[in-house]
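Engineer: Numbering (my numbering), first residue to last: 50 to 183.
Keep in mind that a hint or two might mislead.
With beta-carbon atoms standing in for the labels, derived distance ranges [what the hints assert, rightly or not]:
hint: 1; residue 1: ASP106; residue 2: SER156; range: 38 to 44 Å
hint: 2; residue 1: ASP107; residue 2: ALA76; range: 22 to 28 Å
hint: 3; residue 1: GLN164; residue 2: ARG75; range: 19 to 25 Å
hint: 4; residue 1: LEU130; residue 2: GLN164; range: 19 to 25 Å
hint: 5; residue 1: GLU78; residue 2: ALA183; range: 34 to 40 Å
hint: 6; residue 1: GLU59; residue 2: ASP144; range: 29 to 35 Å
hint: 7; residue 1: ARG104; residue 2: ASP64; range: 37 to 43 Å
Simulated from the structure, these hints should not be mistaken for laboratory data. Built from N, CA and C at the ideal position, the CB exists for glycine as well.
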Amino acid sequence: MLDDLREEYEFLDADDRYRLLIDLGRALEPMPDPLKTEATLVRGCSASVWVYPTRRDDGALHFLADSNAAITKGIIALVLLSVQDQPPAVIAATDIEAALAPFDLRSQLSSNRTQGIPNMIALIHETARRYQAA
């Protein structure tokens with residue numbers, strides 16, 4: 050899925066890349082408002098970002114996420130595409146930054162938009178390691 054999206058992304062101009070990210074964010078599974086708490090808030094993001102992990106019956110992790118900013122919501126959707134519905138050990142070992150590198154978000158978006166990405170990734174990795182150890 051991420052590879053197909055990257056191929057499409059590479060052919061788009063800057064405005065269409067923004068639209069693609071916004072569409073990705075719109076396509077995220079809705080996150081119920083009661084889950085948007087201080088405990089699920091990702092620190093260090095210029096926009097509010099919430100990430101809530103759930104565990105499927107097969108042990109894989111499924112993340113619900115939301116943001117109050119459309120582009121940021123698209124970025125978290127892109128991050129989740131690299132790990133969604135994978136076992137905790139796989140998520141913990143996934144180099145999410147490398148998976149996102151072809152999208153070159155740092156040069157496509159303002160530093161305000163991308164400053165929280167490492168925090169999102171760290172939270173997802175920490176969550177996976179916690180579930181892996183449990």
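Engineer: Now look at each hint and say whether the structure bears it out.
Structural biologist: Status of the hints after comparison with the structure:
1. ASP106 with SER156: 38 to 44 Å: holds (41 Å)
2. ASP107 with ALA76: 22 to 28 Å: holds (23 Å)
3. GLN164 with ARG75: 19 to 25 Å: holds (23 Å)
4. LEU130 with GLN164: 19 to 25 Å: Once the Cβ atoms are compared, 20 Å apart, the range 19 to 25 Å for GLN164 and LEU130 holds.
5. GLU78 with ALA183: 34 to 40 Å: Distance hint for GLU78, ALA183 is violated at roughly 24 Å.
6. GLU59 with ASP144: 29 to 35 Å: Violated, at about 20 Å.
7. ARG104 with ASP64: 37 to 43 Å: holds (39 Å)
In summary, the numbered hints that this structure violates are 5 and 6.
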